[in-house]
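Hey, can you work out the whole structure from these sequences and the hints?
4 protein chains.
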Amino acid sequence: MFSLGNFLTLSTFGESHGPAYGGIITNFPAGLEVNFQDVQHQLDRRKPGQSALVTQRKESDTVQFLSGIFNGITTGTPIGFTVENENQKSKDYEHLAEAYRPSHADFTYDQKFGIRDYRGGGKSSARETVNWVVAGSLAKQLLPGNVEFRAYVSSVGEIFCKEPYSELDLDLIDSNEVRCPEQETATRMIRKIKEIKKEGNTIGGTITCVIRNLPAGIGEPVFGKLQGELAKAMMNINAAKGFEYGSGFAGARMTGREHNDLFNEDFSTQTNYSGGIQGGISNGMDVYFTVAFKPVATILQKQDSINMVGNRVILEGKGRHDACVLPRAVPIVENLAAFVVADLFLVNKIRRI
Amino acid sequence: MFSLGNFLTLSTFGESHGPAYGGIITNFPAGLEVNFQDVQHQLDRRKPGQSALVTQRKESDTVQFLSGIFNGITTGTPIGFTVENENQKSKDYEHLAEAYRPSHADFTYDQKFGIRDYRGGGKSSARETVNWVVAGSLAKQLLPGNVEFRAYVSSVGEIFCKEPYSELDLDLIDSNEVRCPEQETATRMIRKIKEIKKEGNTIGGTITCVIRNLPAGIGEPVFGKLQGELAKAMMNINAAKGFEYGSGFAGARMTGREHNDLFNEDFSTQTNYSGGIQGGISNGMDVYFTVAFKPVATILQKQDSINMVGNRVILEGKGRHDACVLPRAVPIVENLAAFVVADLFLVNKIRRI
Amino acid sequence: MFSLGNFLTLSTFGESHGPAYGGIITNFPAGLEVNFQDVQHQLDRRKPGQSALVTQRKESDTVQFLSGIFNGITTGTPIGFTVENENQKSKDYEHLAEAYRPSHADFTYDQKFGIRDYRGGGKSSARETVNWVVAGSLAKQLLPGNVEFRAYVSSVGEIFCKEPYSELDLDLIDSNEVRCPEQETATRMIRKIKEIKKEGNTIGGTITCVIRNLPAGIGEPVFGKLQGELAKAMMNINAAKGFEYGSGFAGARMTGREHNDLFNEDFSTQTNYSGGIQGGISNGMDVYFTVAFKPVATILQKQDSINMVGNRVILEGKGRHDACVLPRAVPIVENLAAFVVADLFLVNKIRRI
Amino acid sequence: MFSLGNFLTLSTFGESHGPAYGGIITNFPAGLEVNFQDVQHQLDRRKPGQSALVTQRKESDTVQFLSGIFNGITTGTPIGFTVENENQKSKDYEHLAEAYRPSHADFTYDQKFGIRDYRGGGKSSARETVNWVVAGSLAKQLLPGNVEFRAYVSSVGEIFCKEPYSELDLDLIDSNEVRCPEQETATRMIRKIKEIKKEGNTIGGTITCVIRNLPAGIGEPVFGKLQGELAKAMMNINAAKGFEYGSGFAGARMTGREHNDLFNEDFSTQTNYSGGIQGGISNGMDVYFTVAFKPVATILQKQDSINMVGNRVILEGKGRHDACVLPRAVPIVENLAAFVVADLFLVNKIRRI
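Chains as they are written, first to last, in this note's numbering: chain A, 1 to 353; chain B, 1 to 353; chain C, 1 to 353; chain D, 1 to 353.
Please keep in mind that the hints were generated in silico from the structure rather than gathered at the bench. Be careful, since some hints might not be right.
Note that identical chains are pooled: a pair holds if it fits in a single copy or bridges any two copies.
[Unchecked claim] No farther apart than 20 Å at their CA atoms in a straight line, the calculated lysine to any residue pairs in the SDA-like style are these:
(1) Lys349 / Pro29
(2) Lys349 / Leu143
(3) Lys349 / Pro144
(4) Lys194 / Glu177
(5) Lys318 / Gly200
(6) Lys194 / Gly310
(7) Lys194 / Gln301
(8) Lys197 / Lys318
(9) Lys349 / Gly31
(10) Lys318 / Ala126
(11) Lys192 / Met254
(12) Lys318 / Glu59
(13) Lys194 / Arg257
(14) Lys349 / Gln141
(15) Lys162 / Ala250
(16) Lys198 / Glu258
(17) Lys349 / Gly114
(18) Lys198 / Thr255
(19) Lys349 / Asp110
(20) Lys197 / Met254
Here it is, written out as structure tokens:
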């Protein structure tokens, strides 16, 4: 309960200012020769301090596997791992012990639990996503080698990619610091984020993710639909505000005649408004979806707020924050999607006799 | 696994052309005096044949409770129920036994299971939602009496409500057949749907749902966030293509300075871009979200398609279908949301010593 | 939560005096041609009124499948089923509405739920096991054809089988009404039960179950051990008081030198104190276990008791009860074991890449 | 799936020769001031090297909490913990890399996973129970202060306690190194174990556990019965071969007239064959159960065996093993029972409106 996945599951722990994050992956099949380089590569993509756009906190973000892998091969038993926290500056937060920051989880955690770890958000910190990148990058290795997860920043504020994913060269995603493969748009996004950062402000945006070469048959009827599992996972990312797949919200404006994806004789479809999913199950076409992210709530400007007893205080963000989380969220989206898909992929293997 | 809910769970069964739908609700607390009228009222709101806008299939849609309720009071043991299918016209579908309808689940079910119940979609039929309305309308009765779930049609095709939910009189939702409380907009929507229906076409739209008076503290950290649970549930509705809450996709265009919800001294917030949820947990403000629905795939026009061996066929929808599912989806969204919230509400009762 | 099985799951409902029992099996693989005869055969073996030894209640106990099977073949979608209650004599129980019967669940249900369905135990009735026989007899069909589940009555009161299971002809189990394959012992058991019945008393006993030809590899490390899953399932049977497998309690008296099962060169073992399970996982030898059942609590003699307000009452069991449940529990044990094993068998298919 | 508990859950990882064991407890309520001393005390009771009776391996067995506790108080978020392995002597096992030890999990893990961590059993090591002691000793703190878990060694080989638990002074359990409160019997047990140890042999036995002052109402109908949850947990302990509660196997020899527990006017019962549980739910009387443990499979004598290719080898146990696990299993049984009970206790809080 309250873990990620249905058969292949991830339980996690960790707080921004505790000693470590970590997790346990259960039911991971035996016999996989782990590509540790890719796991670390994905962690490096998520890591703070990669560019001028994101927080300058330095963390090495190296994962230690504590079980479930013997001589580099998975043994089928639970995979335990930790990622240590370094460079915790609890002091940065002590002035916040009594204040509720606007649009953070300070107030709601306090209401719910009657106790609050005020050090940088504690459990509500987005550093939790480091666990998901570890688990997702491992899970991805369970899928056929040609299945690809490609996420990119499709908008920052009012700046949108001009072309849909199908017209973009997704090999260019990591070629710039904003992770948008449309170069000219990337340049404008980068300029915008730097400007926003200088103001001590933050900005939102969207990430689009494409899953290529996914076999047909992935996803379960009724309560385990592929889009439902993806939506849940994505909406659990800290700043996520929306999810759509295939035609998405634009599809709601269309008629059936326009929206129906007619078949080719090889069972592919002429259009792909369905986003590669019909009745909750993949149909072999590209699966694609977009996640909306709100602007980071911590701004380096003065803000009015209240404290725990309802008195007015003035906050001014300190510390090292992201002006725009989107570039760092790209590997989170990709690897989280990989975990979701790997779980349903395993399940699908036993859905026929 | 693959049921709805975490502690309070719903398992379901049923196919469009089988004898009955039904479900089992587990862990429903003892001692509730059931309001059967409201359950039936919600079923009636979902029922086909209510107006000229929707399918003219006639089904009485009455629920039979088989256990878990004694002398009108819940006993704490599993609640089993069935809703019989009437008026099944399997014959309507026999011409489809070999064909794959575009943008339906015919092809994917066949790919996944190697077997296909071709009678009207079988398990993939939206009639499954009748189970959710039963379970959700019961679950809602577990919540404090002042918690309200109000969904309405906020757009049909290109026709959108002009005002946000907070400016509308939600008591007017059921006052017209399209279930849009903005009367002039409703009139335009109705006209549009009738026009589309005459063409044998279908049209999509959006439903917005507001949850009022929800106490703070509902939702779980990390993998049980309120928005994640709502998103999963909503994306499992048959034609859903997108989900957003609070500022949603529009929030992705904003800056942190604009988007942050500043506190009042009574811990309410001056704005509510957060959609009543911070860090996955309700904060006491209105929770609101919007779901995008694609146009129904079954159109009453000729369409090219292929059959199971990849040969070209021409399809022409017969039978009684909805030109626009939105009006009937309103009670589905409301009651499904109620189930999700009731589950997390129960859990929240034991999250502090 | 609180369902049977991990991947293949069974949720159930039903009360002794409600309209029907039933259940939902999820994740049942597609493509199985169902042997309905065997399902009914197992139900018939469990049915009351089969012989003079057991209750004379007459129930036809026929199952109606409501979904998940199309043209006799499983479709992969949830299998819903009901078994109607007939011959409910609620009147038999009205005198009990206020009394707590000794060693029944009357008092505990009342304490827990604050409400009590007094009609024959309500949810605590052993009639619930009808659901398990349906589900287990279906699940068994997922296993390789040579896997056999053979349970028999190994003791009644002080009368024990003289030989271990391995020396008995298990084809004789159903050849007598007590379901003990050791004929001379069976005769003594039958005589004993008739004697006890005449007194209006009841008697306990044990059932031993053997699973033959189970492949090695079934069961999961740590929290999904085969013996743990079997123990849980068996201890949920209404009158079960104990479970042991392999050497069981006798093994606790032995030394390691005696108890260790030495290997043959074909990986079979010379002895089988392990009961076919090592480290929670089947090793290819016979799996065998024994379940202890207490005597039925309802006796047709006068007993002192108290009512809900703590006043003394005198009870005298009426109605049609079993003097010894053991014969009817044989198919329950077999089919419940089959469900447990089928669940772990499916899981085991995806535990290696 | 395959974790411990239903609402309060424990996931674990760790192998005997990996760097650490550990686990994650989810849904632990906020606001508990943790008694760390008791956690460590329970770990110390389980620790090897405590007496001449058990293995002389030295491990400090200290737990490190990594999250979920802030300033000594639980925060409601996942509790992550690790217990480091020290003193791993993998070398001790290298000669076993190719051999299958009799009555160990070597063969079955190899059959299941196709890969085997041969270092001392890897995942199948009983060192896993260190995780359960941590989690159970924390969970126990959620229960009312007067609820007691008292386990003791009730037999070693053929030496049995003469009196039932109710006649013993359970405060004497830890007063001797075998943890049997019947002093004269303890002396005989100790002598026996020393004798067995000198021979390089091992011996089995039983542990009886009493839960006192448990409120009525704990346990769930049908698939969550208290005895089923206890049985599953206990049968997952590494050498467990049997479980019985209340009258247990002896109850199977009795008649209903003898076995029924008649009520006193205060709702207590005159006898307690029910073992404090009726219909799966606690009734306020003592809950008691007994677990049978086989003798440890590793003996320090020569044994015939085979290797992975089916060739004969001669094994001779080396290293530091327990001649009798029973004394060290006492805290495992107690704390595991506490976890099971705490889970159902929390659940019971939300089973009535």
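Status of each hint after checking the structure:
1. Lys349 / Pro29: both (12 Å within a copy, 10 Å between copies)
2. Lys349 / Leu143: both (12 Å within a copy, 16 Å between copies)
3. Lys349 / Pro144: both (13 Å within a copy, 17 Å between copies)
4. Lys194 / Glu177: within (12 Å within a copy, 50 Å between copies)
5. Lys318 / Gly200: For lysine 318 and glycine 200, only the intra-copy Cα distance (10 Å) is at most 20 Å; the inter-copy one is 60 Å.
6. Lys194 / Gly310: Cα proximity of lysine 194 and glycine 310: none, with 35 Å in one copy and 53 Å across.
7. Lys194 / Gln301: Only inside one copy: lysine 194 and glutamine 301 sit 16 Å apart there, 53 Å across copies, limit 20 Å.
8. Lys197 / Lys318: within (13 Å within a copy, 58 Å between copies)
9. Lys349 / Gly31: Result: close both inside a copy and across copies, 16 Å intra and 13 Å inter.
10. Lys318 / Ala126: For lysine 318 and alanine 126, only the intra-copy Cα distance (17 Å) is at most 20 Å; the inter-copy one is 49 Å.
11. Lys192 / Met254: Only across copies: lysine 192 and methionine 254 sit 12 Å apart there, 33 Å inside one copy, limit 20 Å.
12. Lys318 / Glu59: within (18 Å within a copy, 44 Å between copies)
13. Lys194 / Arg257: Between. Shortest inter-copy distance 16 Å satisfies the 20 Å Cα cut-off; intra-copy 44 Å does not.
14. Lys349 / Gln141: both (16 Å within a copy, 18 Å between copies)
15. Lys162 / Ala250: both (16 Å within a copy, 18 Å between copies)
16. Lys198 / Glu258: between (45 Å within a copy, 16 Å between copies)
17. Lys349 / Gly114: between (45 Å within a copy, 13 Å between copies)
18. Lys198 / Thr255: between (45 Å within a copy, 13 Å between copies)
19. Lys349 / Asp110: between (44 Å within a copy, 15 Å between copies)
20. Lys197 / Met254: between (39 Å within a copy, 14 Å between copies)
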